[in-house]
Amino acid sequence: MSDDKKRLSRRKFMVGGGAALTTAFVPMGAHTAAAASQGTFAGGSLQVWSCGGLAEAFMPANAKFEQAMGGSISYTGAFAGALGKSLLGGSARTEVFAPRVLKLAQALKGQGKMLSFQPLCFTEYVLVTPKGNPAGIASIKDLKKDGVKTLCSPDSSPPGGAAAMGVLKKSGVVKEATANSIYLGSCVQHDVADVAAGKADAAVVERRITRLPRYREAFEVIPIPEEYFPAPPIPFTIGMMKWAENRDMAMAFIDFICGEEGQACFREAGFIPALSDEGRRLAEKYGVKDV
Amino acid sequence: MSSTTAIRGARYWIRRLIQAVALFTIAEFSYYGIFRCPFAVPYVSCANCPVVQCPGKQLWLIVLLGILASGLLFGRAFCGYACPAGMLNELFSKVAVLRGKVRGKFAAVAGYGKYVAAAICAVLFFGMHNPRWAVPIRTGEFVNSTVLTFEHAFPLWLIRTSIVVGTLLLGLLIPYFFCRFLCPTGGVLEILGRFSPFKYRVADSCTDCGKCDRTCGLETRPERDNCTNCGECRSVCPVDAIHLGTAAKGRGPQSTA
Ligand code: SF4
Ligand code: SF4
Ligand code: SF4
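Chain order of the listed sequences is E and X.
For the record, in the first sequence the residue sitting at position 193 is 193 according to full-length UniProt numbering, with numbers rising by one throughout.
For the record, in the second sequence the residue sitting at position 241 is 241 according to full-length UniProt numbering, with numbers rising by one throughout.
It is worth saying that the hints were derived from the structure and are not from the lab.
Ideal Cβ positions, reconstructed from N, Cα and C, are used throughout, including at glycine.
Treat the hints with care, as some may be off.
If you want a taste of the chain X side facing chain E, the calculated C-beta under 8 Å gives, among others [said to hold, decoys possible]:
no. : residue
1   : S45
2   : P136
3   : E141
4   : P155
5   : S196
6   : T207
7   : D208
Simulated pairs of lysine-lysine, DSS-like, Cα-Cα distance not exceeding 25 Å [what the hints assert, rightly or not]:
no. : chain 1 : residue 1 : chain 2 : residue 2
8   : E       : K141      : E       : K199
9   : E       : K109      : E       : K141
10  : E       : K131      : X       : K211
11  : E       : K85       : E       : K242
12  : E       : K285      : E       : K109
13  : X       : K57       : E       : K64
14  : E       : K242      : E       : K113
15  : X       : K57       : E       : K199
16  : E       : K145      : E       : K113
Covered stretches of chain X, going by a simulated chain E footprint (3 or more residues, C-beta under 8 Å) [what the hints assert, rightly or not]:
no. : stretch
17  : 49-61
18  : 117-131
19  : 143-153
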């Protein structure tokens with residue numbers, strides 16, 4: 001009896017397990033199929049990679065593009081340095097790429113892998129404190145004060161952690177801020193929860209962090225003067241890659257992202273859109289031109 | 001069909017149904033935890049995790065509370081009914097080469113591995129703020145993102161993930177290798193299971209024939225280490241000594257192996 005039962009279980013379990021496994025992963029493709037069915041680029045698809053910091057802006061922008069123009073955007077957001085390395089030296093390919101750091105766009109263009117690029121948006125750094133600012137921080141210089149508990153995440157994805165450390169350095173407070181850090185973290189987005197919870201008095205983060213749903217109401221936000229920002233991580237660009245199969249769709253996508261509707265998503269996510277007076281000033285300042 | 005057979009059939013299908021629902025709801029979360037979660041200890045930092053698309057962002061609290069509650073009430077029932085990795089192990093166990101060969105002292109000593117793994121996870125999480133060991137692929141195509149994670153992860157993440165994948169695959173050789181010897185969740189649930197009221201128990205009428213542990217995929221018996229309360233053994237007991245309940249009906253000739 002037991003052996004029969006075992007054979008029965010085995011067969012049933014394998015069949016049942018396979019079916020359930022298939023259904024478990026089905027929802028992931030469903031959205032793409034639905035989006036692809038109508039609009040100018042119906043049935044088309046475009047592979048877009050960007051710096052991971054832009055994910056909260058790209059996701060709604062991509063959805064709006066799909067809705068307006070049809071087709072599907074196959075989007076990946078990850079540390080631009082890593083994606084860039086795969087694109088520059090490895091076998092990776094994508095059709096549209098939006099990197100952080102101007103030099104990366106220029107290097108890809110130099111290799112002929114990026115056909116053209118344009119300014120997309122700019123980031124800025126701010127100080128965050130717990131609600132009510134219990135330590136009474138007024139400026140980044142206050143991180144030098146005795147007893148102020150900071151939170152530094154130097155091992156966070158570069159340039160996130162490294163850039164925040166750069167801000168501290170340029171502000172002349174890096175020694176004290178590092179010494180007074182409640183711990184040295186490895187992920188800004190994860191570690192900053194300890195500022196929201198009041199375990200630390202202040203941290204330097206990109207403004208975009210304060211726009212994440214979880215942190216939207218979690219902090220007091222204090223601006224940091226632009227003179228303390230390290231230049232490389234500030235500008236983001238977007239460009240068409242040589243692997244773009246449907247160039248019309250790639251160009252329409254870039255135009256959409258750099259147009260009013262797309263740029264609104266970037267503003268909402270905490271960036272300064274290139275399509276703004278401030279954006280144009282920063283493009284000039286950092287020399288973001290495809291020459 | 002006798003009523004006993006009908007009850008057995010119902011028990012069988014209820015478990016398969018719960019497994020199917022669990023697979024549908026948390027298999028993707030499990031996949032992310034193993035293959036894309038950038039943290040040393042997956043599944044626990046979901047609320048502030050940078051991986052935007054991980055279903056864990058919605059599920060983590062309910063899943064963790066659910067596992068805890070099930071552990072307090074039913075011991076390792078999560079393993080037997082809902083864990084996708086457990087289901088994979090169950091599938092593998094049907095064809096495992098060394099079925100019934102890894103038992104006794106070795107299995108007993110190796111069984112401590114899951115407690116060591118749980119302790120390491122606790123130190124990493126509470127003592128070291130759950131460091132990030134991979135470049136988070138924040139969002140992206142399912143397979144490509146996994147490939148990118150492997151390409152850009154730090155060595156520690158690769159080691160952690162290789163150990164998990166390797167020991168899951170070892171289940172093809174030694175049944176339930178990961179669950180019996182290495183899974184930290186299994187370790188924590190095993191401890192909770194010691195105090196959980198609802199479980200399969202063995203009555204005095206047990207003749208120690210050993211049919212139950214020969215049937216059990218985890219090569220154990222009710223009330224012993226690694227029992228997941230799945231109930232598979234109940235149907236093979238010739239003297240009907242295995243029952244589900246809150247109280248022991250006296251003890252058979254049990255020794256802890
Ligand atoms: S021991 Fe771990 S992997 Fe195995 S079923 Fe339990 S929770 Fe899942
Ligand atoms: S519980 Fe039943 S099957 Fe297991 S050893 Fe005792 S008599 Fe045999
Ligand atoms: S001893 Fe019985 S109830 Fe426990 S895991 Fe094995 S088959 Fe399932």
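Each hint tested on the structure:
1. S45: This hint holds: S45 (chain X) lies near chain E, its Cβ roughly 5 Å from the closest one there, short of 8 Å.
2. P136: Holds, about 7 Å.
3. E141: Because about 5 Å separates E141 (chain X) from the closest Cβ in chain E, which is inside the 8 Å limit, the hint holds.
4. P155: violated, 14 Å
5. S196: violated, 25 Å
6. T207: This hint is violated: T207 (chain X) lies away from chain E, its Cβ roughly 16 Å from the closest one there, beyond 8 Å.
7. D208: violated, 17 Å
8. E:K141 - E:K199: Holds. K141 (chain E) to K199 (chain E) sits at ~20 Å (cutoff 25 Å).
9. E:K109 - E:K141: Between K109 (chain E) and K141 (chain E) the Cα gap is close to 40 Å, so the pair fails against 25 Å, i.e. violated.
10. E:K131 - X:K211: violated, 62 Å
11. E:K85 - E:K242: Answer holds: K85 (chain E) to K242 (chain E) is near 16 Å, not above 25 Å.
12. E:K285 - E:K109: holds, 21 Å
13. X:K57 - E:K64: The hint holds at about 23 Å.
14. E:K242 - E:K113: Holds, because 5 Å separates the two Cα atoms, which is no more than 25 Å.
15. X:K57 - E:K199: holds, 23 Å
16. E:K145 - E:K113: violated, 49 Å
17. 49-61: holds (count 3)
18. 117-131: Coverage by chain E holds for the stretch 117-131 of chain X (3 residues, Cβ < 8 Å).
19. 143-153: holds (count 5)
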